[in-house]
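Residues per chain are reported as follows:
4 protein chains.
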Amino acid sequence: MKKGVMRPGHVQIRVLDMGEAVKHYTELLGMIETDRDDQGRVYLKAWTEVDKFSLVLREADEPGCDFMGFKVVDEDTLVNLEKDLVAYGVEVEQVPAEELKDCGRRVRFTVPSGHAFELYADKKYTGKWGVSSVNPEAWPRGLQGMKAVRFDHCLFYGPELAAVYDIFVNVLGFDLAEQVLDPEGTRIAQFLTVSMKEHDIAFIHHEEKAKFHHASFFLETWEDVLRAADLISMTDTSIDIGPTRHGLTHGKTIYFFDPSGNRNEVFCGGDYFYPDHKPVTWQAEQLGKAIFYHDRILN
Amino acid sequence: MKKGVMRPGHVQIRVLDMGEAVKHYTELLGMIETDRDDQGRVYLKAWTEVDKFSLVLREADEPGCDFMGFKVVDEDTLVNLEKDLVAYGVEVEQVPAEELKDCGRRVRFTVPSGHAFELYADKKYTGKWGVSSVNPEAWPRGLQGMKAVRFDHCLFYGPELAAVYDIFVNVLGFDLAEQVLDPEGTRIAQFLTVSMKEHDIAFIHHEEKAKFHHASFFLETWEDVLRAADLISMTDTSIDIGPTRHGLTHGKTIYFFDPSGNRNEVFCGGDYFYPDHKPVTWQAEQLGKAIFYHDRILN
Amino acid sequence: MKKGVMRPGHVQIRVLDMGEAVKHYTELLGMIETDRDDQGRVYLKAWTEVDKFSLVLREADEPGCDFMGFKVVDEDTLVNLEKDLVAYGVEVEQVPAEELKDCGRRVRFTVPSGHAFELYADKKYTGKWGVSSVNPEAWPRGLQGMKAVRFDHCLFYGPELAAVYDIFVNVLGFDLAEQVLDPEGTRIAQFLTVSMKEHDIAFIHHEEKAKFHHASFFLETWEDVLRAADLISMTDTSIDIGPTRHGLTHGKTIYFFDPSGNRNEVFCGGDYFYPDHKPVTWQAEQLGKAIFYHDRILN
Amino acid sequence: MKKGVMRPGHVQIRVLDMGEAVKHYTELLGMIETDRDDQGRVYLKAWTEVDKFSLVLREADEPGCDFMGFKVVDEDTLVNLEKDLVAYGVEVEQVPAEELKDCGRRVRFTVPSGHAFELYADKKYTGKWGVSSVNPEAWPRGLQGMKAVRFDHCLFYGPELAAVYDIFVNVLGFDLAEQVLDPEGTRIAQFLTVSMKEHDIAFIHHEEKAKFHHASFFLETWEDVLRAADLISMTDTSIDIGPTRHGLTHGKTIYFFDPSGNRNEVFCGGDYFYPDHKPVTWQAEQLGKAIFYHDRILN
Chain A
135 MKKGVMRPGH VQIRVLDMGE AVKHYTELLG MIETDRDDQG RVYLKAWTEV DKFSLVLREA
195 DEPGCDFMGF KVVDEDTLVN LEKDLVAYGV EVEQVPAEEL KDCGRRVRFT VPSGHAFELY
255 ADKKYTGKWG VSSVNPEAWP RGLQGMKAVR FDHCLFYGPE LAAVYDIFVN VLGFDLAEQV
315 LDPEGTRIAQ FLTVSMKEHD IAFIHHEEKA KFHHASFFLE TWEDVLRAAD LISMTDTSID
375 IGPTRHGLTH GKTIYFFDPS GNRNEVFCGG DYFYPDHKPV TWQAEQLGKA IFYHDRILN
Chain B
135 MKKGVMRPGH VQIRVLDMGE AVKHYTELLG MIETDRDDQG RVYLKAWTEV DKFSLVLREA
195 DEPGCDFMGF KVVDEDTLVN LEKDLVAYGV EVEQVPAEEL KDCGRRVRFT VPSGHAFELY
255 ADKKYTGKWG VSSVNPEAWP RGLQGMKAVR FDHCLFYGPE LAAVYDIFVN VLGFDLAEQV
315 LDPEGTRIAQ FLTVSMKEHD IAFIHHEEKA KFHHASFFLE TWEDVLRAAD LISMTDTSID
375 IGPTRHGLTH GKTIYFFDPS GNRNEVFCGG DYFYPDHKPV TWQAEQLGKA IFYHDRILN
Chain C
135 MKKGVMRPGH VQIRVLDMGE AVKHYTELLG MIETDRDDQG RVYLKAWTEV DKFSLVLREA
195 DEPGCDFMGF KVVDEDTLVN LEKDLVAYGV EVEQVPAEEL KDCGRRVRFT VPSGHAFELY
255 ADKKYTGKWG VSSVNPEAWP RGLQGMKAVR FDHCLFYGPE LAAVYDIFVN VLGFDLAEQV
315 LDPEGTRIAQ FLTVSMKEHD IAFIHHEEKA KFHHASFFLE TWEDVLRAAD LISMTDTSID
375 IGPTRHGLTH GKTIYFFDPS GNRNEVFCGG DYFYPDHKPV TWQAEQLGKA IFYHDRILN
Chain D
135 MKKGVMRPGH VQIRVLDMGE AVKHYTELLG MIETDRDDQG RVYLKAWTEV DKFSLVLREA
195 DEPGCDFMGF KVVDEDTLVN LEKDLVAYGV EVEQVPAEEL KDCGRRVRFT VPSGHAFELY
255 ADKKYTGKWG VSSVNPEAWP RGLQGMKAVR FDHCLFYGPE LAAVYDIFVN VLGFDLAEQV
315 LDPEGTRIAQ FLTVSMKEHD IAFIHHEEKA KFHHASFFLE TWEDVLRAAD LISMTDTSID
375 IGPTRHGLTH GKTIYFFDPS GNRNEVFCGG DYFYPDHKPV TWQAEQLGKA IFYHDRILN
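Chains as they are written, first to last, in the working numbering: chain A, 135 to 433; chain B, 135 to 433; chain C, 135 to 433; chain D, 135 to 433.
Isolated chain A (complex conformation):
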């Protein structure tokens, strides 16, 4: 949090059928619907999140990610980061307050990999769902499905990783926690953090721009990962891989798909990060193990 960027605050995802999507993210992932807007967008949050929403679903003709937003500590920080982006040559767009309900103004920009990001300082504080801020119980009763703890990070595919790195690290104050290097030493994957988490955002090299790999949601334990896998089977949801462990970050994970074909991850654990940690390096020759630690091959 060197420059005041605090956390991944929201992601807007395109879905083909809103009813199916809401059912998927509430009944299966266990998120809570908190609002809808005039555009028909649906707002959801995970139970430990203190702000009103972290996931926005928008009905569209094809799946994918519209943008990912990072919350910064305050308006002054937002002003400064905006200046820094512009100074660095990044074109920024103003999204007015309330374009997302109960969210303050957002500063939007697109990075050379083709992905759109936003910074914002304000969102309605609703507190954790189902637990009081006074003498809080350990967890709320009444959670559904996988009982997702929080929206955690996204993984994107695209070109120009070095240019993207410069923006996130040099302008926005992220750190490089983990990387994959090819034999020539070129970084083909970068896991970036502004927190103790091993990644708040990750990019993997791909020739095509603006590809969305997955949005990830945190679970508490490996047993929750098992139950998530069971629920995937019970609900006949399309699974990608898992339960397994990643080599990169060492998180314990499952990949699966929402009804529109967007990949979701739920995971637990994983290493932690401090700014004095040297980056962990994975060699591209070991990419299978880096991605799927147990199988050691890509699926």
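Hints were generated in silico from the structure; no laboratory data involved. On a predicted model such as this, the values are computed, not experimentally measured, just so you know. Each hint should be verified, as a subset may be incorrect.
One copy or two, either will do: identical chains are not told apart, so a pair holds if it fits within one copy or between any two.
[As the list claims (entries may be wrong)] Dumping the calculated BS3-like pairs for lysine-lysine here, alpha-carbon to alpha-carbon at most 25 angstroms:
1) Lys157 <-> Lys262
2) Lys412 <-> Lys235
3) Lys262 <-> Lys412
4) Lys137 <-> Lys412
5) Lys137 <-> Lys217
6) Lys186 <-> Lys137
7) Lys258 <-> Lys412
8) Lys217 <-> Lys136
9) Lys186 <-> Lys157
10) Lys412 <-> Lys281
11) Lys412 <-> Lys186
12) Lys217 <-> Lys186
13) Lys136 <-> Lys412
14) Lys157 <-> Lys217
Chain A is fixed; fit chains B, C and D onto it per the hints.
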């Protein structure tokens, strides 16, 4: 335990290189070497087992399973079961006491699927490894690798399942806990038990006789299954599938290979059985889910 | 299961307020109400149990246990065990079929410790709750609270343990799995089993007759034990001790009270038993550790 | 990390017998001895820590904590924080580089509760123990005992909490994550963080100055907490309470004592924190539940 057959007591497995095999079963699976014999066979046990050994490794030119032995409650039971086998038309072979060190006489027979089994009543009682029988600690310090709890069951492939069923159920007192039926109602897999375990032995239909699918070892928890998967990766051991859950029995599992190519399973959990339970049926159309509950396809 | 006694099949518990009791056993423990009878008794089962009920609640002026019943494999076995009890000098009482709804005739007897037990062979088979017997899912959605897996055992306090032992071991075919011996070698606690479980019933010496210590319900994992403890706190239920581990059986456990003051246990894990296992002995000098393995003192 | 304080970096603890203490912290907690110095002090670290040590043991006539040190991001930050402390009226003491081996200069100060703290920017980077920084395995083989993951925080008792709060929050950039308020609204406990952790340091009101409650070490899972409790029993270590859950932070925990009488905690889980989180408040009337969530009474 209607007829006095108590449990899977041992399995003799052929390995190509004894040194590598012993390393695999001790350092990786966490079994304890308890003896060797004149033939060069190596005897091992898992720590909770009270008898001297449950796994016998024999060096040979090809991998596989020589035989699996069941312990019966006493010599009278052995005498009776031998008579019942003969009366049923099963040819039995006498293996004298001490052919396996510290093991009493064994009654050996081959079932129509081509697999060899044994019954025996006596084996040297050594008690659990590493814990006292007086004021015992919860577990012994000093276990290695996966810390296998016990040899649990084997799965065999072969023809003539109905004839094999008759011997195990009608002569030896096993119960059918789970089955897979094809659309014509033919049983193409049978999971048989003499205990509260959902299977002490299992057979899947295959045209070729005498095929060995895996020997299985019990672990205590799903977290132990994760650590087992991690160790498989760390030791560059060949993995087959997992961590995952079976549909059949609902056990949580990993399949992997010993250095000779014999498949091992480690697993935890799974359903329990009593003799008044009606068999669980899986439809062959759902065989993918029956075998691998999460992926729902065969690998 | 040497003599055909299969498992603890039911326990009838006295409660002071039926409404509160039903709420406790359904919403907190997660049992399912399956019926009520003319006497106002309420029948419940845990989800993995295949018979109609395992817990019967009877409203009364004081709490306690009316009787515990064991299911035997069939009517012939029941006839034989009844004869054996009578031949041994145990007075038996006939309870007609349907005295408990959908339960066959019961043979009731009181042992010298003052506790009443029953044997029965028939109860309505309803199958597991919430999962099919064809292609069954791993667990049912919609379970409440602690999601109790099964009624597991009871622990009683009373005198004359040796005489009680003789009836259970010599007449009914139980085995002694664990015991506590005082310095003179007198058995002051006995844990008896007819299965792979380390205890199906247990007795601890106490001068007063017919004392009920607890009815115990099985949970799947140590994480479920934590959630159970959390729920105890959230519902302001009276806790006795835990989460902790027992020395005896090594089960992981919590003790707490129903609204009438009956002690409940939920636990997971624990050692397993085969009839050739020598009994585990705890010395009375180590009773604290035997009961509560971590604290090593009695509470 | 608003002002550049990064994490609890070390704690120096007084022990009565160095041999016993080293055995306790290595064989039981699973820390690794990394060095000793001329004064006879012993340096240890937990395996995930990238710096050379986090625990320093000093032999003395009575147990307790000499000081706790926080690592800051760099020397500039150290210079600034030192100025800020002095400007705020806090007396600072210079401890030269190498007074602790391989550690840079430290700025020491005592807060009004009577406890000594240090800031430092440099310590020898040794990387995680037992795993490579290139293609790292998930965890190192060969860890002992509880396999402590990291030194996590300390809890101190003393007076003048408001004055201590001002130094940590206003000068050093900590946030208040959780607090206990008495009926008059006076803060009698404060849990302070500079990270995503729910506490990096905590203070509870006590009339006497400079009391040390415990040093806490992180474990990965609730199952590790169980194994830690088992090891406490196996090694006949003095236990205080647990396994249980705290209300404050919701961490899952055990308290026990080192051979000198210093209280240790090992714990896992617990809530996470971001700077926009409002403090969680526990009412003093609920102090029992705040401290020990399951028992709801103080021990």
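Status of the hints after comparison with the structure:
Within a single copy, Lys157 and Lys262 get their C-alpha atoms as close as 21 angstroms, which meets the 25 angstroms cut-off; across copies the closest is 27 angstroms, which misses it. Only between protomers do Lys412 and Lys235 lie at most 25 angstroms apart by alpha-carbon distance; the minimum there is 21 angstroms, versus 40 angstroms within a single protomer. Taking the shortest Cα distances, Lys262 and Lys412 sit within 25 angstroms of each other only across copies (10 angstroms), while inside one copy they are farther apart (34 angstroms). Both within a single protomer and between protomers do Lys137 and Lys412 lie at most 25 angstroms apart by alpha-carbon distance, with minima of 19 angstroms and 21 angstroms respectively.
Taking the shortest Cα distances, Lys137 and Lys217 sit within 25 angstroms of each other both inside one copy (12 angstroms) and across copies (22 angstroms). In this assembly of identical chains, Lys186 and Lys137 lie within 25 angstroms of each other by CA distance solely inside one copy; the values are 24 angstroms within and 28 angstroms between copies. In this assembly of identical chains, the alpha carbons of Lys258 and Lys412 lie at most 25 angstroms apart only when taken from different copies (13 angstroms versus 36 angstroms within one copy). Proximity of Lys217 and Lys136 under a CA criterion of 25 angstroms is satisfied in both settings, with 16 angstroms inside one chain copy and 20 angstroms between copies.
Taking the closest pair of Cα atoms, Lys186 and Lys157 come within 25 angstroms of each other only inside a single copy of the chain (19 angstroms); across copies the shortest separation is 34 angstroms, beyond that limit. In this assembly of identical chains, the alpha carbons of Lys412 and Lys281 lie at most 25 angstroms apart only when taken from different copies (23 angstroms versus 33 angstroms within one copy). Taking the shortest Cα distances, Lys412 and Lys186 sit within 25 angstroms of each other only across copies (14 angstroms), while inside one copy they are farther apart (35 angstroms). Within a single copy, Lys217 and Lys186 get their C-alpha atoms no closer than 27 angstroms, and across copies no closer than 40 angstroms, so neither meets the 25 angstroms cut-off.
In this homomeric assembly, Lys136 and Lys412 come within 25 angstroms of each other (Cα to Cα) both inside a single copy, at 16 angstroms, and across copies, at 21 angstroms. For the homomeric pair Lys157 and Lys217, neither the shortest alpha-carbon distance inside one copy (41 angstroms) nor that between copies (55 angstroms) is at most 25 angstroms.
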